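**Q** The residues making up each chain are set out below.
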Amino acid sequence: MTLSLQLFLASGGILWLTGLYGLWRNSDPIRRIISLNIMGSGVFLVMVTLARRETSTDPVLHALVVTGLVVAVSATAFALRLAVASQQEKR
Amino acid sequence: MAASELILDLILCLVLLSLAVAVVEVKRLYDSIILFIAFGLILSITWARLGAPDLALAEAAIGAGITGVLLMAAYANLAPKKHLQNSHRSWLAVGFSLAAMVWLVLSLIPLADSPESLVAVAEQAMADSGVTHPVTAVLLNFRAWDTLLELVVLLLALLGMQQLRLPSLKIAYPWPLLNAWGRYLAPLTIVIGGYLLWRGSSGPGGAFQSGALLAAGLIVLRLNHVIPGLSWQHAWLRCSVLCGAGFFLIIACLTAWLGQGWLDYPASYSASLIFIIEFLATISIAVTLAWLVTGQQEAAS
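As they're listed, the protein sequences go chains X and P.
Under numbering that gives the first Met the number 0, the first sequence has 45 at position 46, and the numbering climbs by one with no breaks.
Under numbering that gives the first Met the number 0, the second sequence has 262 at position 263, and the numbering climbs by one with no breaks.
These aren't lab readings, by the way, just hints derived from the structure by calculation.
Since the structure is predicted, the reported quantities are computational estimates derived from the model, not experimental observations.
Cβ atoms here follow ideal geometry from the backbone N, Cα and C, with glycine treated the same way.
A few of these clues could be false.
Some chain X residues near chain P, calculated using beta-carbon distances under 8 Å [what the hints assert, rightly or not]:
id: 1; residue: S3
id: 2; residue: L6
id: 3; residue: A76
According to the in silico footprint, chain P covers these stretches of chain X (three or more CB under 8 Å from chain P) [unchecked claim]:
id: 4; stretch: 20-31
id: 5; stretch: 55-69
Hey, can you work out the whole structure from these sequences and the hints?
**A** The following block contains the structure:
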């Protein structure tokens with residue numbers, strides 16, 4: 000079991016960095032917002048994996064991730080609207 | 000047994016990582032959005048594998064579903080020529096990411112063995128939380144403050160969107176199949192959403208999953224032109240957006256004033272209080288998410 004957990008922890012870290020790399024590399028606002036979401040998913044993956052270290056899962060971390068998901072979708076919705084507004088301004 | 004489980008985990012991680020790399024690397028924005036939706040679905044399977052069914056439900060509905068629709072709507076609203084091609088591959092970025100990856104992975108892996116302290120604390124307090132599902136108890140009782148602020152964040156996103164005064168989503172004439180299916184799907188989301196909400200007190204489910212599902216039903220109905228666009232002029236819509244955070248705030252003030260403290264429910268009422276808060280929060284979340292996707296409807300002149 001520990002080996003699996005280490006695998007998921009490492010994947011969470013790599014996901015976060017993939018998102019950071021996408022943020023660095025892409026200049027399109029929508030792609031940057033997607034990259035930020037990937038970074039968030041990496042953090043969630045680390046948190047959910049940490050919740051599984053003991054035989055009974057940790058409800059506190061799960062609840063935090065549920066909260067995080069909803070906050071992430073609200074922020075994404077607002078950021079996308081801002082991106083659309085800024086492009087329409089330019090035209 | 001352990002070896003086959005490890006292979007499953009390995010495949011999941013590899014698929015997840017390759018999808019993530021494809022999302023940031025692929026040339027066309029449209030492909031990137033489609034791959035991101037697929038990434039969300041694989042992530043939802045990963046949550047199920049890690050023993051987090053609450054998250055798997057929320058991710059499938061919110062992460063893959065609603066974020067996907069939002070991205071598609073933004074894509075449709077942008078002029079096609081404005082989509083910048085990402086032609087510059089920065090080797091500096093690749094080098095930095097690889098170096099940081101080694102460091103990050105090496106510092107994360109030891110965490111798998113360090114002990115956990117919050118599980119015992121949460122289990123001890125379960126008896127007087129009013130519900131039997133630990134995640135719901137944490138969300139609406141032990142850490143209710145977080146959930147209240149989360150509803151406020153949702154409200155702020157909606158208010159911010161209102162200030163931008165963008166044209167609402169341009170909806171094409173519905174595709175016949177969607178038209179036929181939508182009429183069956185929307186009532187089904189109410190049944191499943193209601194079940195998830197009710198089940199939240201004893202098992203995986205709850206306000207967020209159920210709210211996201213109901214929002215999906217509302218969006219399908221809107222795409223079919225069955226319901227008119229959501230507009231700030233309707234008082235009942237304003238009420239349904241505000242009722243979740245509003246009622247939660249009233250309870251918080253009442254417990255601070257008459258009870259033992261901010262959001263410290265009296266033990267005999269906590270089960271029914273949690274249910275009412277969850278019910279109103281579900282309505283708020285459903286309407287707010289649907290509104291965020293479809294946008295403000297201009298007043299018909």
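**Q** Give a verdict on every hint.
**A** Going through the hints against the structure:
1. S3: At about 5 Å, which falls below the 8 Å cut-off, the nearest Cβ of chain P leaves the hint on S3/X intact, so it holds.
2. L6: Given a least distance of 6 Å, the restraint on L6/X holds.
3. A76: holds (4 Å)
4. 20-31: holds (count 9)
5. 55-69: Three-residue rule met by the stretch 55-69 of chain X, so holds; n is 14.
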